[in-house]
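Peer 1: The primary structure of each chain is shown beneath.
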Amino acid sequence: MDFVIEGIDYTSVIQKALVLLSCVALSWKMIIYMCNLLNIEQDPIRVLITGAAGNIGYAIAPMIARGMMLGPDQPMILHLLDIEPTSRSLEALKMELQDSAFPLLKGVIATTNVVEACKDVNIAIMIGGYPRMAGMERKDVMSKNVVIYKAQASALENYASEDCKVLVVANPANTNALILKEFAPSIPEENITCLTRLDHNRALAQLADKLSVPVSSVKNVIVWGNHSSTQYPDSNHVTVSTQAGDRPIKELVTDQNWLKNEFIAEVQQRGAAVLRARRQSSALSAASAACDHIRDWFLGTPKGTWVSMGVCSDGSYGIPPGLVYSFPVICEKGSWKIVQGLSIDEFSREKMDDSARELAEEKDLAYSCLNA
Amino acid sequence: MAKEPVRVLVTGAAGQIGYALVPMIARGIMLGADQPVILHMLDIPPAAEALNGVKMELIDAAFPLLKGVVATTDAVEGCTGVNVAVMVGGFPRKEGMERKDVMSKNVSIYKSQAAALEKHAAPNCKVLVVANPANTNALILKEFAPSIPEKNITCLTRLDHNRALGQVSERLSVPVSDVKNVIIWGNHSSTQYPDVNHATVKTSSGEKPVRELVKNDEWLNGEFISTVQQRGAAIIKARKLSSALSAASSACDHIRDWVVGTPEGTFVSMGVYSDGSYNVPSGLIYSFPVTCRNGEWTIVQGLPIDEVSRKKMDLTAEELKEEKDLKQQKMIHTEYKILPSDEPVAVEAAAGGCWEDPEGAPADPAGAESGDGAETAVGDGAGLDPGPGCCGYG
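Quick mapping for you: the protein sequence lines, in order, are chains A and B.
Going by UniProt numbering, the first sequence opens with residue 1, and the numbers climb by one from there.
Going by UniProt numbering, the second sequence opens with residue 1, and the numbers climb by one from there.
Just chain A, with the same shape it has in the complex (with noise of 0.2 Å):
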């Protein structure tokens, strides 16, 4: 219908105006574009690791700076926070640092205040913690970390930036992770994680090793629980990348009973193994899958793979929720989210149970040391 007023045709008017509105918003568009396309530099992202003057901080920082964590354009500033007797130490891995010349390590900062370490922190890496020496009970270890992890709640609540992403590492990594949680209500519980993709990617080692192909060509499997002796590595949904595309790992590994005994007694005791061998525990390895976690988190996990990682239950899976659990997960835009619907047989379920089981008994203790 034509809207003519007086001898003027609106319709056409109207027309040229929106066609005329279309072009200016697309050369806005693109002008947009072609900036970004000229590299302004992101602003620096802050990431703290605690316990940083041991041997996974040494080895985790220079995988960070290089940018292996958050990816080869992010440049970050490090906050290094460790003990008082560590001071030196702190101080030579700061000079390290600079010595290395990173492009995208804008600065760092080596401390024992919390305070510092925490302000401001957009990433927090726990590394820092009681370790076990021989002769401790598990009760023993559990009442120095819960005090530890508790004050660290307190920091990372006050001073660290609102979104800010918690990764913990140290032993009994999911324990500590659950304090740190009940004690820093108000960091969102889907920003506290503790470290399962060191064993993840053991498990994806020992079967890429079993079929002798590369490990990038083996993904989705699971780890599910503590990462402790209970953890229990899910092969029930591997594929394995072949010429005739991706095919289910029952298909390739004719032996039922290593995937379901060898196999996974091989990745839980892989630490234990590597401690044997090395005299020291693992760091080169853990510091990577740390990176991995972190990174997967961040940028987003490829299509069609999962990764472990140990989130706060949400009772998937039939795990209690309020647990600290390693669940398949996929991540998007800053967010993990639980894979649904992966069939769940009885050998799978017991092992899930137990792990689950453990973890509330960690709980308790946990707690109970607390109000000791």
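In short, the hints are calculated from the structure, not lab data.
Keep in mind the model is a prediction, meaning the values are calculated, not measured.
Note that CB positions come from ideal geometry on N, CA and C, so glycine has one too.
Take the hints with a grain of salt, since some may be wrong.
The calculated DSSO-like cross-link candidates involving lysine-lysine, where the alpha carbons are at most 30 Å apart (straight line), are [unchecked claim]:
hint, chain 1, residue 1, chain 2, residue 2
1, A, K260, B, K67
2, A, K250, B, K67
3, B, K3, A, K219
4, A, K219, B, K55
5, A, K106, B, K237
6, B, K94, A, K94
7, B, K55, A, K250
8, B, K324, B, K312
9, A, K210, A, K250
10, B, K202, A, K106
11, A, K303, B, K67
12, B, K3, A, K303
13, A, K303, A, K337
14, A, K106, B, K215
15, A, K94, B, K55
16, A, K250, A, K303
17, A, K94, B, K215
18, B, K55, A, K210
19, B, K55, A, K260
20, A, K210, B, K3
21, A, K106, B, K208
22, B, K240, A, K94
23, B, K67, A, K219
24, B, K202, A, K94
25, B, K67, A, K210
26, A, K144, B, K240
27, B, K240, A, K106
28, B, K100, B, K237
29, A, K94, B, K208
30, B, K237, A, K94
Cβ pair distances, simulated, as ranges [stated by the list, open to error]:
hint, chain 1, residue 1, chain 2, residue 2, range
31, B, D74, A, S343, 44 to 50 Å
32, A, T305, B, S173, 38 to 44 Å
33, B, K237, A, S154, 33 to 39 Å
34, A, S343, B, D34, 36 to 42 Å
35, A, E251, B, G68, 21 to 27 Å
36, A, G334, B, K237, 38 to 44 Å
Just so you have them, the derived chain A footprint on chain B, three or more residues with Cβ under 8 Å [claimed, not checked]:
hint, stretch
37, 25 to 36
38, 54 to 65
39, 159 to 165
40, 169 to 183
Given chain A, work out where chain B should sit, using these hints.
Peer 2: Chain B in isolation, oriented as in the chain A frame:
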């Protein structure tokens, strides 16, 4: 289409520099994010278990670029087919040892390494010597592997170069990536000469000379130089161990720039075989400013050298000549016995080193400076780790 994997050898791989270096290589820091690698890790028999532990961890890290790991105490297996060799293994200087003692141990090590590389490495293998005395170890390697092109044998001064960049950037409070073209001349020792005369800083009004911005020649000619020269010792004092992280990172930078090329307008420092440029005696391995292209380095020519620089450059050349003479002496005192397999074996004087001499026990297989490690579980806050194997970079 995926590239063919490149074989990278790391000697002394069970030590702390090796431990820092191998994950960097496996993540593509050394050769690029799309270059698959196969790691060859070599160390001495007393370190075999620890070496295997490192192999286990590399496997556990599920690195997509890492297509294989060879962990061995056999030099032949270690060197077979390698395209890049990073020589971190060597006999470290212990308290009470004289320079000539360190020298004689390292002569025998680098002689046998030279033989293994020459026979078994891939043609055009690029060699980077890290273990101290780096320049002279590289020279020994060169002399005993005559069929390796001399341009393929280099030593690491990139750590000093990066340290110098770091010091300037701290002084000026600018990002280190804005500073470039410092030069490290000479020996990787306390006679090295960190030269800022051609260094520039990126500013909003273009690139400006460092001297102009620092406005403090006294500092640049004094404290700056001694800080860079003595940085290694400062790290040892603070860590009770020599630099590993920064040494490993610089080794990656050295190889990467060599293989991939230096950015336009930028030069870096590498210890290379002197051709007489800048009146530095030829026949020494001396650190020069170089640019890299198509896998080859070229000394930057034509830089004006002032009197102060001349003196310092000559001083460090002097020291290298002395080291070379000392090395010659140590070599003369070693006898050879040719075995049926045609492998010459040093049987005297230089015996007791880490690599050969089946009749003697290695002086200290645990190598390096010691520190305590009280690690029993993930999460320790204060572990110090010497690691077995020989590594003596400072």
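Peer 1: Against the structure shown, which of the earlier numbered hints fail to hold, in ascending order?
Peer 2: Per hint list: zero violations.
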